[in-house]
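A.B. asks: Please model the entire structure based on the sequences and the hints provided.
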Amino acid sequence: MKTFRTKNSHSKNVFALVFASILIASFGITANQAFAMGQAPSTCSNRYDGTITSMKITIGQKTFNPIANPGMTFQLRNDRSYTVTFTIHTPSQSSQSNSLGGSTWYDTSAPGFQLGTCVNGVGPNQYVTVTATESHPGNLAPQTTQNVSWNTLVPGNVSYNVKWVAP
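First residue of the sequence shown: 1, per our numbering; consecutive thereafter.
Note that these hints are calculated values from the structure, not bench results. Keep in mind that this is a model prediction, so the values were computed, not measured. Be aware that a few hints might be false.
As the list claims (entries may be wrong) - Label pairs and their in silico Cβ distance ranges:
id: 1; residue 1: Gly-60; residue 2: Asn-120; range: 16 to 24 Å
id: 2; residue 1: Ser-42; residue 2: Arg-80; range: 33 to 41 Å
id: 3; residue 1: Ala-166; residue 2: Asn-120; range: 35 to 43 Å
id: 4; residue 1: Arg-80; residue 2: Ser-149; range: 15 to 23 Å
id: 5; residue 1: Thr-83; residue 2: Thr-51; range: 20 to 28 Å
id: 6; residue 1: Asn-120; residue 2: Gly-156; range: 17 to 25 Å
id: 7; residue 1: Thr-43; residue 2: Pro-91; range: 14 to 22 Å
Just so it is clear, CB atoms sit at the ideal spot from N, CA and C, and this is done for glycine as well.
C.D. replies: Structure representation (structure tokens):
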């Protein structure tokens, strides 16, 4: 009777484990990046990195100020929408160290994912007002509390919570 000897496959098992770990980790990184959409800050021409200086949320006749009331929560039916009006104050020089015309950038999680936006036609030391209408994100449960943030590349971001309820 013939016997076959097998080599110790310990090193092969370790290699397979390391390879699988790297593959899983890289998939996780790729999956996280899929939740950001819109325009990256680098796509804005002659970008002015401003600060959000004011914000007003309007629902019908009610108005809320999330800067004066950090972490505030308001309730809204998931078949309704609300309006956000905010102002970004641009610095005296762009990220390219000049004072030519350009753009400013912000991003928000209001749509249920991070959405970046370039606002064109901007210059130095300007107050740029943006108005957006937001509604219940389709990727969220019908009844949930959503944490919404509005960001620029300068510290001083704004966030609030929307408690979405069924009609």
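A.B. asks: So, for every hint listed, does it hold in this structure?
C.D. replies: Here is what the structure says about each hint:
1. Gly-60 - Asn-120: 16 to 24 Å: Hint violated: Cβ distance 31 Å, outside 16 to 24 Å.
2. Ser-42 - Arg-80: 33 to 41 Å: This hint holds: roughly 35 Å between Cβ atoms.
3. Ala-166 - Asn-120: 35 to 43 Å: holds (39 Å)
4. Arg-80 - Ser-149: 15 to 23 Å: holds (21 Å)
5. Thr-83 - Thr-51: 20 to 28 Å: holds (21 Å)
6. Asn-120 - Gly-156: 17 to 25 Å: At roughly 22 Å between Cβ atoms, Gly-156 and Asn-120 fall inside 17 to 25 Å, so the hint holds.
7. Thr-43 - Pro-91: 14 to 22 Å: About 19 Å separates the Cβ atoms of Thr-43 and Pro-91, which means 14 to 22 Å holds.
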